[in-house]
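Enquirer: Here's the letter readout for the chains.
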Amino acid sequence: MLNLSVDTVSAKLCQFIASSYLDDDEQVAPDTPIIKLNILDSASIFDVVDFIHREFSLRLPVIDIHPDNFASVEVLSKVIEHHSNKEATL
Amino acid sequence: MNNTLPTALHKALFHWAQSQPEQPFLLAEPVCSYQQAANYVSALATVLMPAKRTAIWLNKNNHYVLSILAALSADSAYIPIDAKQPINRVELILTDGQVDTLLVDAAHLNQAQAALHAFPHIKLITLVDTYDAAADFTQFVWHEHISNDQSPPVSHRQKDDLATILFTSGSTGRPKGVKLSLGNLQHFIDWTTQSLSLSNHDRFLNIASFNFDISTFDLFSSLSVGASLYVADDDAAKQPLNLATILKEQRITTMYTVPSLLSLMNRIGLWEQAAPLSLTHVIFAGETMPKPCLQALANNIKDCTFYNFYGPTETNVCLAYHVTDKDILTNTSLPIGSPIGDAQVWLVDESHQQVTLAEGASGELVVKGSCVTQGYCHDAQRHTSHQHHVHHTGDIVQFSNGLFYFLGRRDRMIKVAGYRIELGEIEAQLSHHPEIKEVAVRFCDQSTKIIVTYSPQDISNKPSSLQLKAYCAEQLPVYMIPHKFKALAQLPKNANGKIDYPEIAKVDS
Numbered sequence: 001m002l003n004l005s006v007d008t009v010s011a012k013l014c015q016f017i018a019s020s021y022l023d024d025d026e027q028v029a030p031d032t033p034i035i036k037l038n039i040l041d042s043a044s045i046f047d048v049v050d051f052i053h054r055e056f057s058l059r060l061p062v063i064d065i066h067p068d069n070f071a072s073v074e075v076l077s078k079v080i081e082h083h084s085n086k087e088a089t090l
Numbered sequence: 001m002n003n004t005l006p007t008a009l010h011k012a013l014f015h016w017a018q019s020q021p022e023q024p025f026l027l028a029e030p031v032c033s034y035q036q037a038a039n040y041v042s043a044l045a046t047v048l049m050p051a052k053r054t055a056i057w058l059n060k061n062n063h064y065v066l067s068i069l070a071a072l073s074a075d076s077a078y079i080p081i082d083a084k085q086p087i088n089r090v091e092l093i094l095t096d097g098q099v100d101t102l103l104v105d106a107a108h109l110n111q112a113q114a115a116l117h118a119f120p121h122i123k124l125i126t127l128v129d130t131y132d133a134a135a136d137f138t139q140f141v142w143h144e145h146i147s148n149d150q151s152p153p154v155s156h157r158q159k160d161d162l163a164t165i166l167f168t169s170g171s172t173g174r175p176k177g178v179k180l181s182l183g184n185l186q187h188f189i190d191w192t193t194q195s196l197s198l199s200n201h202d203r204f205l206n207i208a209s210f211n212f213d214i215s216t217f218d219l220f221s222s223l224s225v226g227a228s229l230y231v232a233d234d235d236a237a238k239q240p241l242n243l244a245t246i247l248k249e250q251r252i253t254t255m256y257t258v259p260s261l262l263s264l265m266n267r268i269g270l271w272e273q274a275a276p277l278s279l280t281h282v283i284f285a286g287e288t289m290p291k292p293c294l295q296a297l298a299n300n301i302k303d304c305t306f307y308n309f310y311g312p313t314e315t316n317v318c319l320a321y322h323v324t325d326k327d328i329l330t331n332t333s334l335p336i337g338s339p340i341g342d343a344q345v346w347l348v349d350e351s352h353q354q355v356t357l358a359e360g361a362s363g364e365l366v367v368k369g370s371c372v373t374q375g376y377c378h379d380a381q382r383h384t385s386h387q388h389h390v391h392h393t394g395d396i397v398q399f400s401n402g403l404f405y406f407l408g409r410r411d412r413m414i415k416v417a418g419y420r421i422e423l424g425e426i427e428a429q430l431s432h433h434p435e436i437k438e439v440a441v442r443f444c445d446q447s448t449k450i451i452v453t454y455s456p457q458d459i460s461n462k463p464s465s466l467q468l469k470a471y472c473a474e475q476l477p478v479y480m481i482p483h484k485f486k487a488l489a490q491l492p493k494n495a496n497g498k499i500d501y502p503e504i505a506k507v508d509s
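Quick mapping for you: the protein sequence lines, in order, are chains B and V.
Here the UniProt record's numbering is used: position 70 in the first sequence is 70, and no number is missing along the way.
Here the UniProt record's numbering is used: position 423 in the second sequence is 423, and no number is missing along the way.
I should point out that these hints are in silico values taken from the structure, not numbers from a laboratory.
Where a beta carbon is used, it is the ideal one built from N, C-alpha and C, also for glycine.
Some hints here could point you the wrong way.
Partial pick of chain V residues on the chain B-facing surface, computed with a CB cut under 10 Å [what the hints assert, rightly or not]:
id	residue
1	241
2	242
3	362
4	366
5	369
6	470
7	501
List time: in silico EDC-like cross-link candidates among lysine to aspartate or glutamate, alpha-carbon distance up to 16 Å [unchecked claim]:
id	chain 1	residue 1	chain 2	residue 2
8	V	368	V	342
9	V	238	B	23
10	V	486	B	23
11	V	486	B	26
12	V	238	B	64
13	V	462	B	25
14	B	36	V	474
15	V	462	B	23
16	V	84	B	68
17	V	84	V	235
18	V	486	B	64
19	V	462	V	500
20	V	484	B	23
21	V	462	B	64
22	V	484	B	26
23	V	484	B	68
24	B	36	V	235
25	V	486	B	24
26	V	462	B	26
Residues from chain B shown here face chain V by an in silico Cβ test under 7 Å; the list is partial [stated by the list, open to error]:
id	residue
27	22
28	46
29	62
Taking the hints into account, I'd like the entire structure generated from these sequences.
Expert: As C-alpha cells, this is what we get:
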C-alpha cells in the first residue's frame, strides 16, 4: 500500500466514482450513499476494487468486498486505511 | 378436468414430517427438521386463519419459508414483500394485492404499523422471540411451537385457487402483480422434480428473494422430494465469497440463480478457489449466460449438469434447455430450449398473425398450457387471455434446429442482474417530479447496462443527478434507479407525436 493520507484516498475515490458513473458535472461527496443511490451496483463494485489495486497498490481481501463496505467513500476509505495499517505492522 | 390438488407443494411438508421427521429441511442456523417445520407451520397457520391473502414482510431467513408454508396451509395465498422495498411500493402491493393479513418480523414492525394506518382492515401478525403483553397486535412466539406436535390444518384448496401474487415492474408506474395458482406451481414442480431426477439426498441453495419467481423452484422442488434447503439471508446473497463458502461447507447439490451472479463469482475466481464442489445441478435463467462464465463453471464443477431455463413470471418457466458439452465449447449463443410439460408454443408477427414454424422463422413467442398463470391483479384484457391459458411473452425468438433462440424484446421491458424492469415505470415515477416536464428512459446495452433518462428541463431549475437519484430511491427499488440523467431542450417525437426512442439513442452515440 502506498503511503497516502485518508483524505487523499477519499478524494481519489470520489473523483474516480464521479467520473466513471455520474454525469459530467456531478460530484460525489465522501458521505454520498453510493450504493443506496445505485451509483455503484454489485458489478461496478469490482471496478472500484480494481481501481484500488491499481491506484493504491492494495488488493482488498474478497471477504471485504461487501456492499456495506462500499456504502459511501467515507466508509470505504476507512476499510482501505484499516488494511494499509495492517500491512504497515506486518 | 381433475381439479383436485395433489399432495405436493406445502402439503408435502406434512408427508415428509411423518416419513422422515428428523431429516433437516432448513439447513441455515438454527437448523430445522421436517418435524419441527411441520409443528411451526401448523401452529402459525392456525393463527393466520381465516386469512385469504397474506403479505409476508420479513428479513430473508428460515422464518420466511415457514411463513409462506403457513399461509398456504391456512388456505391463504402468500404475497412476498422484499425487505428492501420502499414504503410507497409496499403500500401499492398491500392495495393491489387486496391483502387482508400482514405478517412481519420485529425489524419491520414500526414501518408496518405506520403503513397500516391507511389499511385498518388488515390484520397485523408479528413473529416475536418473546411475548409482549402490552402489544396491540397478534404475536406468534415461534420457538414455543417448534417442539410441540401439532396436527396439520385441513386444506380445502383446489388447483385453480391462488397460491401467490408476485409483484414485478409495471409499465404504468405501478408494480404489476402476477397471479400464480396452486396448479401453475404444481405443474412446474412436477416437471422439475422428474426431469432433473431430484431426490431427498439433494441439498438446495436459495439465493433469490421470495418475490422472485426463481424462489418457487428452491422452495417447492426441495420440499416435494423431501430434500434440504439452505436459505441464504440478504447479507449472504450480497457477498459472492459467502455464497462460495455456503456451496462448499453445506455440500450444496442444486442451485438456481441468474447469470450475472455466476459471472460475478467467476470474475473474482471463486469457482476456481471453491472447487471441488458437490454441485450436480446448476440452473440459470433471466438473462443470457456469457460463454466465458459457462466455460469456467464447467471447468471447475465436474459431474454437474447445467440448465438454461426460460420463461417470464407469467409462465413460471415454459421452456428449458439442458446444456451439452458441445454448447460449452462453441461460442454460439445458448438456445432457450423446447416447451416443458403440456406447454405449446408458436410465433406471431407484428400483426399477431401466426408465423409458420420453419427453419429460421422469427416472431413473438406465444405460450399455451398449464404453466400460464392467472393474469394480473389489474388488467382485464390480459386476464381474459390468461383464462384460456395463453400468454404473449413479448419476447422475439428465432426457431432453428427444433429449438428457440432469444433475439430481444418487442416492448420496453429490460433485465438488469435478472431483475425485470419496465422502463415505463421509471418514466411514470420521474414524471411526478416537479421540475420534470417530460421524460424518456432508455437502456444502453453496448458495454455496460445503464439506464439513462432524458427530460426537457428548464436548465436554470435543473435538479442534479444526485437529487434525481435520491427522488427515485424513495419511489423505486434500488436496481431501478437510473444511472445517468441527461437534460434535452426537447424530446424528439415521431409523426404520431410519440417519443422517438431511436432518435434519442442518436443523441447518446
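Enquirer: Taking the hints in turn, state whether each one holds.
Expert: We went through each hint and held it up to the structure:
no. : hint            : in the structure
1   : 241             : 5 Å, holds
2   : 242             : 8 Å, holds
3   : 362             : 30 Å, violated
4   : 366             : 33 Å, violated
5   : 369             : 35 Å, violated
6   : 470             : 6 Å, holds
7   : 501             : 20 Å, violated
8   : 368(V) x 342(V) : 8 Å, holds
9   : 238(V) x 23(B)  : 27 Å, violated
10  : 486(V) x 23(B)  : 8 Å, holds
11  : 486(V) x 26(B)  : 12 Å, holds
12  : 238(V) x 64(B)  : 12 Å, holds
13  : 462(V) x 25(B)  : 12 Å, holds
14  : 36(B) x 474(V)  : 10 Å, holds
15  : 462(V) x 23(B)  : 13 Å, holds
16  : 84(V) x 68(B)   : 14 Å, holds
17  : 84(V) x 235(V)  : 12 Å, holds
18  : 486(V) x 64(B)  : 34 Å, violated
19  : 462(V) x 500(V) : 23 Å, violated
20  : 484(V) x 23(B)  : 6 Å, holds
21  : 462(V) x 64(B)  : 38 Å, violated
22  : 484(V) x 26(B)  : 10 Å, holds
23  : 484(V) x 68(B)  : 23 Å, violated
24  : 36(B) x 235(V)  : 15 Å, holds
25  : 486(V) x 24(B)  : 10 Å, holds
26  : 462(V) x 26(B)  : 12 Å, holds
27  : 22              : 6 Å, holds
28  : 46              : 6 Å, holds
29  : 62              : 5 Å, holds
Checked against the numbered hints given earlier, the structure breaks hints 3, 4, 5, 7, 9, 18, 19, 21 and 23 and satisfies all the rest.
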